[in-house]
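A.B. asks: Produce the complete structure using the sequences and hints provided.
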Amino acid sequence: MSSDLDVFVGNTTLIDEEVYRLWLDGHSVAEAVARRLRGGVLEREGTSVAVLQSDTRDHYRTFQMLERLLHAPPRLLQQLLFQIPPERQALLVQRYYAFDEALARELLGKKLSKGTKKELDEVSARTGVGIRSCRRQFDNFKRVFKAVEELRGPLAENIQQLFLLDYAAIVFFANSRFETGKRRLQFLSFADFAACAQSMMGHWSQGALGEPPDPRAPEAAEPDGDLPKSFLQDLKELKVLVADKDLLDQHKSLVCSALRGKISVYNELEANFKALSRALVNVGGKLTHARDVRDFFVDLVEKVIEPCRSDKWSPGDLRLFLTHYTAARHQALWERYMAAITACLLRMYHD
Amino acid sequence: MPGKLKVKIVAGRHLPVMDRASDLTDAFVEVKFGNTTFKTDVYPKSLNPQWNSEWFKFEVDDEELQDEPLQITVLDHDTYSANDAIGKVYIDIDPLLYSEAATVISGWFPIYDTIHGIRGEINVVVKVDLFNDLNRFRQSSCGVKFFCTTSIPKCYRAVIIHGFVEELVVNEDPEYQWIDRIRTPRASNEARQRLISLMSGELQRKIGLKVLEMRGNAVVGYLQCFDLEGESGLVVRAIGTACTLDKLSNTSAFLPACNSPSKEMKEIPFNEDPNPNTYSSGPSTPLKNQTYSFSPSKSYSRQSSSSDTDLSLTPKTAPSPQRPRIFLFPSSPTLSCDSPHLKKSCLLLLGSSIKPLHSSHVSPVVLRKSVSFTEELLLAASGMGSGSAGKEGGPFKTLLRQQTQSALEQREFPFFTLTTFPPGFLVHVGGVVSARSVKLLDRIHNPDEPETRDAWWAEIRQEIKSHAKALGCHAVVGYSESTSICEEVCILSASGTAAVLNPRFLQDGTMEGCLEQRIEEASPPGCGFCHIPYDELNMPFPAHLTYCYNCRKQKVPDVLFTTIDLPVEAIVVGKGCLIQARLCRLKKKAQAEANATSISNLLPFMEYEVHTQLMNKLKLRGMNALFGLRIQITVGENMLMGLASATGVYLAALPTPGGIQIAGKTPNDATYDQHISHMQKKINDTIAKNKELYEINPPELPEEIIGSPIPEPRQRSRLLRSQSESSDEVTELDLSHGKKDAFVLEIDDTDAMEDVHSLLTDVPPPSGFYSCNTEIMPGINNWTPEIQMFTAVRVSRLSTINPTNQTLNKNFNDLCENLLKSLYFKLRSMVPCCLCHVNFTVALPEDELVQIAVTAVAITYDKNQALQANKAPTEKSQQRASTDNEEQLQFPLELCSDPLSSQPFSPAKEVLEGASSHTGIPAAQRATSVDYSSFADRCNSWIELIKLKAQTIRRGSIKTTTSLEKASPLAEGYLRHRSVPSCTNSTVSVVKMTPLSFLPGAKITKYLGIINMFFIRETTSLREEGGVSGFLHAFIAEVFAMVRAHVAALGGNAVVSYIMKQCVFMENPNKNQAQCLINVSGDAVIFVRESELEMLPVQPSTAAPQPTSSAGDVTT
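Just so you know, the sequences run in chain order A and B. Residue 46 is where the first sequence starts when you use my numbering, and the numbers rise one by one after that. Residue 7 is where the second sequence starts when you use my numbering, and the numbers rise one by one after that.
FYI, nobody ran anything at the bench for these hints, they're computed from the structure. We put the CB at the ideal spot given by N, CA and C, even for glycine. Don't take every hint at face value.
[To be verified] Estimated spans, in silico, between C-beta atoms of each pair:
(1) B:Ser-52 / A:Ala-170: 58 to 66 Å
(2) B:Lys-1077 / A:Glu-90: 53 to 61 Å
(3) B:Arg-26 / A:Ala-117: 16 to 24 Å
(4) A:Glu-90 / B:Asp-90: 46 to 54 Å
(5) B:Lys-1077 / A:Ile-176: 33 to 41 Å
(6) B:Ser-52 / A:Leu-87: 48 to 56 Å
(7) A:Glu-88 / B:Thr-662: 36 to 44 Å
(8) B:Ser-683 / A:Glu-88: 20 to 28 Å
(9) A:Arg-229 / B:Asn-1078: 52 to 60 Å
(10) A:Gln-123 / B:Pro-851: 55 to 63 Å
(11) B:Asp-90 / A:Gln-139: 35 to 43 Å
(12) A:Ala-117 / B:Gly-774: 56 to 64 Å
(13) B:Asp-868 / A:Lys-163: 51 to 59 Å
C.D. replies: Structure follows, in structure tokens:
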């Protein structure tokens, strides 16, 4: 006896987290049932395979119907079709837009185009993320990117409002097209980049002006995905720090005197100070040109992180150095610039 | 009488893209009521249009207001071609016509299209201004309230339970009209939806008229059904129980009778009034003006049987009696003078109740009162009541008698659709009575003359009535009717529980409430209803009787089957459980007469087998009573299916059931014997296991106390059934089984073997789960507020090449068991929980296809408390019964407290009233005369004064007068808050749905009106919509969404007594098509969490006494 039609509809929509996860991972109903069986649900609940199949199919249908609404999370809140408690709604959105970091790492800085989508098969193979899940995540990135593209105001907040989650890093990267794929940068995880993006947006973006820790200041007027032009322009002024020999020497002596005896790599620091300082300042100066922006992380790794690593600086050494390096000069622009650079470098300084 | 319907279209959101080129929509809205249509402007290029229209005003008469739905159509404007319809919203404006239901309908409604489903939402505000706001009740049957709930709604008190009302209307089904060949499926579906909406409006209005005729003000247990008879037409029929209800707390009472234009109605306050002197203070001239200024609507003309002189007559009646009196109420079905059962029952009642009275500690005053009252009761009930009314004015009396006579002729069926009753209402329960009849649907059909259908039902009801009489009962409770149609054959079924009722509620028992209550109090609690109503020496059928295990005074049967809910006062041992009997019978395909005959021949066997299964399964669980029994027989092309569901319990008053014994046919065969003994062992083990599972461990009783059983070797249960094409041919079946102690199953062939096997295949629910099909699960009373209502539908193919009854039975059994299993699995996160009100419906849409739909609610309960209850189940249940009794006590106390507040009005009256409710003044002190003049000036208008007065007179207290002015502050605030169109508000309010009449841990503060919705959904792209499952899943979700939206727009936050009455699914996979019709109903309510309620100081303490299951369960 076969069941042609088999549905279960609750006044409050039942969401099974396990099945949702399986659905998000792109498993077919059969695969999902197999996995649930392996999870031992049969023994725990003393039920039959047929029941499990019926249950899985029901959930899958619900998710398919919900997917349309998940594409615009605020609609999920307003819709009348499914009665879902708020915390469950939040869970649905969060899980739907959650991404595999391995996949996000692959896609960071790439153009979210059809071409990229075609490459997803390879990405899937590389990252071990199911192809269906890859496509869904890719579409998510694209959807978020497209939705905030034309919006003004703080990026993080816009995304929060539209998609009820923090997706800013990915959009920020997709916007600025930072190079992240170079072999040199392979040691950096998605989380590293996301943290960097957050510090950069936090300290440098328009919204960050005034009160730096509050990126939600109201004066934001231009798209937040781009770094503010005026700020980047101003950064050029900093070049004087390395161009003017006196200033550079003064800076070096201040930093060195403060660090003498406190840092294990003092000699190396003294020897490399000028090179490091030049690198740190020039990275900022180059940000005005879109082409050079791409190299931001490459430069930081090549010119700061790698030399330090070869001299066997400890993370503590680097922190101490950067603190004093920043503190040696009192200038709002400088401090604002260095705050993000310091945060990025400290985050990136690992094996 | 004209009223003004006002509609405002505020905004739309999430509209579908109608213009592919721009990805946008140019939407506008048509608002149609009756034959008038208004349009909004086109809001160009938006999926979220803001129309903010003016108020569209429809001036319509009352009949139209009741019958017609408001129809809102959203369209996409197209300059060059015809405008495309996006979808529709039908709004039933009936709730706006009651005095204290909703005042405004405002909110987001899903825009529904029968082909595409929900397409966006629209924000609408609807109001009704009746000609004069004060005269809201002046419309035809507008004031009559409808409730689906099959008990007295929680915030009301039943003053009188009048009895059965029924009506049916017939029309041609638009789907079968010639025009259907040329119109689109959408047009056809919409025509059908609209027609059914109109027909239900008409039906409701007609029932309302009948209620008014009976002087009721409400219909409780309203059940409306559709019979899709195909080519022979469309029948919409409804049954219900007419009541006079009285609002309990301080929210305003509703009494449509007070100033209605209907002639019957305007007499009500006067005829009933035992206190005519109260008119002296009332302004009599405006009163007359009022009653004449509005001519009765045309629908009334034929009914205005009583003359205008009635009006003038009443004020002339003699001075009021200083004592409470009973009135013969015309609608009271117990008054048929020729019914010997009635007299007996009354005597029985007295006999059993007065004796214990002496032993109990009741104050002499009360005692005397109650005795004198019962004399009157006896007289009244036996049809001589008017004789005792010597103090009453003569003309008044004769009038009453006349009305009694005339009304009795109309009211021939003493039926009640209620399943739960006020304490003391149910005196004795006889057993289940049912009747079925097979009819051939006639092709020639005249919609204007539904007489044939009427006659069919009348026949069946007559049969039910005679069955009840045979059981020594004068009434049928828990009454319901259903049909099953296949091609041109139709099985009509009716069933109920024969019962003896307390006549108090059937008359104007307001005054006597307290006294009567005392008497009830003294009668043995929790077992009275089990005592046999029939004469033990002259039993209608052989039965095994014993003395009641609880009170030892009366005789009880060994097993009791009923269609009602377990009475709250019943003493139960352990927990209950869902018991189902399932059955398939093959039938040859045949045409017309032959088909009907073969069905008729099969029916008795099915009834017998269903009954046997129920009995076996009941015994297998060690239980002795069934509640909520519902036997459904479904007819298909080539088979009949029977599904009986009930909740088994162990009633402490009934004897312990004997076990089941298996007897082989060939006892000489050794292996066979071994097999038999093996089976026997299995059965015994199952019984033992079940007793443990359901905690059935009744206290052991020494045999001598019980007394010798009546020498009657044969036992049988109370199922009286008959099936026939003509009602006079009643074939009685001997449904007795075995001997006294053990139930013997004879295994004489493979069939019987199968039966025994199938008995044992019913697996108990997994641990942490209980299930029942009644409102409350016996033995569990600590519910948490967490509920989950659901509908599950399965269609399966019984695909066997050579189907036999056995294989079909097994398949059907598996189908049901698997469905239950799947429900338990789905709801496993709610454990410990109970599935309540599990309602199975079986349909046979096609050859070999079985469709099962289940609607139920899962309620979580507190395990810790449950464990405590486990330790001492009997004490617990007794304790529960006693708390129930306390609640019953509070009931009269509330009434008794009235006199205090009936002293001259003072500004501090409200305080006084609150205080008085605690004092509990003895009933004897009841003051009957009231000075109304002192507050006359408080009233703004004379109409209001009359309203007030009528109500106070009715209730014999002033209490309601204050409440009329201020409605429940909570609800009012809620409404006020809501009346602001909430376009910007994006959060969707949660609407709970439950098939139960209550919400655990919550108190229903207001009933907003009945929800009765009918939807059709059709698709021509079945595969694309996810196949049949995807299609139906979406549709059910949409139906839920539309119900919730309507409730929310009425200002409600829950639907109680929700029921899916129909789910007709048809598919044509070859054409990639499917169609489904769903009909749902329920009561929209506002509830407040009990925890929140405690924090509200404004809630009067008098609101507390509610002998409801929910209150009882939560407070204990």
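A.B. asks: What hint numbers does the structure not satisfy?
C.D. replies: Violated hints (numbers, rising): 1, 2, 8, 10, 12; every other hint is consistent with the structure.
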